[in-house]
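On the provided structure of chain A, position chain B as indicated by the hints.
So the sequences go chain by chain: A and B. Each number in our numbering comes from the position in the first sequence (counting from 1) with 655 added on. Each number in our numbering comes from the position in the second sequence (counting from 1) with 655 added on.
Note that these hints are calculated values from the structure, not bench results. Model, not experiment: these values are computed from the prediction. There may be inaccurate statements among the hints.
Identical copies carry no separate label here, and so any pair may be met within one copy or between two of them.
Derived DSSO-like pairs (lysine-lysine); straight-line CA-CA distance at most 27 Å [to be verified]:
1. Lys884 / Lys710
2. Lys818 / Lys708
3. Lys856 / Lys819
4. Lys708 / Lys899
5. Lys772 / Lys743
There are 2 protein chains.
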Amino acid sequence: MGKEVLSEETIEVLRNPPLQDAARTITDGLRSHRTLLIIGNCRVDYQGRASSKLKPGDRMVIIKRDGSVLVHRPTGYDPVNWQPPGCKLQAYTEKGNLIVRAVRERPRETITIQFNKLYLLTSMALIDRGEFSLYASEEDMQRAVLLHPDLIEEGFKPITYEKKVEPGFIDVYGMDRDGRLVIVEIKRGTAGREAVLQLAKYIGSVKGEVNREVRGILAAPQLAKGAQKMLITLGLEYKRLDPKRCAELLRRSSVRKISEFL
Amino acid sequence: MGKEVLSEETIEVLRNPPLQDAARTITDGLRSHRTLLIIGNCRVDYQGRASSKLKPGDRMVIIKRDGSVLVHRPTGYDPVNWQPPGCKLQAYTEKGNLIVRAVRERPRETITIQFNKLYLLTSMALIDRGEFSLYASEEDMQRAVLLHPDLIEEGFKPITYEKKVEPGFIDVYGMDRDGRLVIVEIKRGTAGREAVLQLAKYIGSVKGEVNREVRGILAAPQLAKGAQKMLITLGLEYKRLDPKRCAELLRRSSVRKISEFL
Numbered sequence: 656m657g658k659e660v661l662s663e664e665t666i667e668v669l670r671n672p673p674l675q676d677a678a679r680t681i682t683d684g685l686r687s688h689r690t691l692l693i694i695g696n697c698r699v700d701y702q703g704r705a706s707s708k709l710k711p712g713d714r715m716v717i718i719k720r721d722g723s724v725l726v727h728r729p730t731g732y733d734p735v736n737w738q739p740p741g742c743k744l745q746a747y748t749e750k751g752n753l754i755v756r757a758v759r760e761r762p763r764e765t766i767t768i769q770f771n772k773l774y775l776l777t778s779m780a781l782i783d784r785g786e787f788s789l790y791a792s793e794e795d796m797q798r799a800v801l802l803h804p805d806l807i808e809e810g811f812k813p814i815t816y817e818k819k820v821e822p823g824f825i826d827v828y829g830m831d832r833d834g835r836l837v838i839v840e841i842k843r844g845t846a847g848r849e850a851v852l853q854l855a856k857y858i859g860s861v862k863g864e865v866n867r868e869v870r871g872i873l874a875a876p877q878l879a880k881g882a883q884k885m886l887i888t889l890g891l892e893y894k895r896l897d898p899k900r901c902a903e904l905l906r907r908s909s910v911r912k913i914s915e916f917l
Numbered sequence: 656m657g658k659e660v661l662s663e664e665t666i667e668v669l670r671n672p673p674l675q676d677a678a679r680t681i682t683d684g685l686r687s688h689r690t691l692l693i694i695g696n697c698r699v700d701y702q703g704r705a706s707s708k709l710k711p712g713d714r715m716v717i718i719k720r721d722g723s724v725l726v727h728r729p730t731g732y733d734p735v736n737w738q739p740p741g742c743k744l745q746a747y748t749e750k751g752n753l754i755v756r757a758v759r760e761r762p763r764e765t766i767t768i769q770f771n772k773l774y775l776l777t778s779m780a781l782i783d784r785g786e787f788s789l790y791a792s793e794e795d796m797q798r799a800v801l802l803h804p805d806l807i808e809e810g811f812k813p814i815t816y817e818k819k820v821e822p823g824f825i826d827v828y829g830m831d832r833d834g835r836l837v838i839v840e841i842k843r844g845t846a847g848r849e850a851v852l853q854l855a856k857y858i859g860s861v862k863g864e865v866n867r868e869v870r871g872i873l874a875a876p877q878l879a880k881g882a883q884k885m886l887i888t889l890g891l892e893y894k895r896l897d898p899k900r901c902a903e904l905l906r907r908s909s910v911r912k913i914s915e916f917l
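So here's chain A without its partners, still in its complex pose:
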């Protein structure tokens, strides 16, 4: 049905295109690093570290200009197949089908998408320089501390988390480099006197159980007026912990490592 150039040529739309035309537009788009969106009926084969087969159905395929590929079904928020950035892509017709193939070199992984019908093909020059800022939750901050104990201090080793003590649950329970027990209370916002008291109660409870030195650390982005003085009076410590930094650390370590399972 021909193509139309829209929105200052940022978007090219082909509706129900012949598969030959689609292959050409995709190839051109790949060459000029455009974002491609292909909607149609396809089957998908994946070969690599694992393998998978997806029988025919209507799907949305996104090919980004960095060479990442996503195959989305009409339900579910996870793509059914995908490749990270850096893929080598090809589009061609074969026996009346449109083949889109994405190959990743290391590890060697190949996704082959075979369309028998296209509903819509969109080739876009999207511009997105918007800054993304992420601020963590308290649970995220806890996970960040478990994954990166140096956020608390060098040599800190978490033993457990959400440890039940009489007055409640200790966020992170661990040991410092000198073998002293450490109780960490995490707050996402400004920590006030209430947080200090909570920490003091945990210390009291743990000291009642073990015959050892116990340190208490309040980890938060900042302290409220009065909280600092109270900490000093009670012999407790403060460590600045930034939710945004925690969020960034978690984002970076979002690739699952096998060691995370143990």
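What follows is chain B alone, placed relative to chain A:
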């Protein structure tokens, strides 16, 4: 620019639509559980367990008929913002912008997408009943066994994985319910004599180190001819382990639990 009904009315495409029209089409699409694709310039705010802000840029927003939402930038294979299925969605105009809001009840999370310009809006009745079959890699099978030790036998407790011994690395090293050491060798395909010999070597190496009973289990989807006899001769065991079943278990446990970090 009006709307066109395509491909037996499965796809409705609006190019550069006025935001009022877009809001109406999205609202209709949500009501009739269609898959929506919105491409335009937007900013995104997220509030929930964490919070995030994304400044304006060109993005692709997918709203699936199950109420899941994905916001994709032109690079990266992860969505920058997303919501799982089950969101309540709204679309309306406000101060010359198109607002799409997705609210999840538990935990309470809200994504607000504010478009100042739309390039393309597509409302689709996609049909996808294609079966997905996933077959795991050897590494996936190892992870599955670590997460679900019952795959080997009831009471099996992994101690470590990739344990270095003189002849190589033991896939999974653990203990059975009677306290005997267990060495598990995993094969993704049919396990042959070579796999049996490899397992026997590991056993020999470990027996040289510890003064305890050591069991050897070859875990694979099936045994090659001759391998069974060799196992019996060497006093080793076989456990059927299906790559597809492993893959499904991993898929199901893909939600990250905090306990996985320790």
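Each hint tested on the structure:
1. For the identical chains of this complex, Lys884 and Lys710 are neighbours neither inside a copy (66 Å) nor across copies (39 Å), given an alpha-carbon limit of 27 Å.
2. Taking the shortest Cα distances, Lys818 and Lys708 never come within 27 Å of each other, neither inside one copy (44 Å) nor across copies (33 Å).
3. Taking CA atoms no more than 27 Å apart as the test, Lys856 paired with Lys819 passes inside one copy only; the shortest distance there is 12 Å, against 45 Å between copies.
4. Within a single copy, Lys708 and Lys899 get their C-alpha atoms only as close as 39 Å, which misses the 27 Å cut-off; across copies the closest is 12 Å, which meets it.
5. In this assembly of identical chains, Lys772 and Lys743 lie within 27 Å of each other by CA distance solely inside one copy; the values are 23 Å within and 32 Å between copies.
Checked against the numbered hints given earlier, this structure breaks hints 1, 2; the rest are met.
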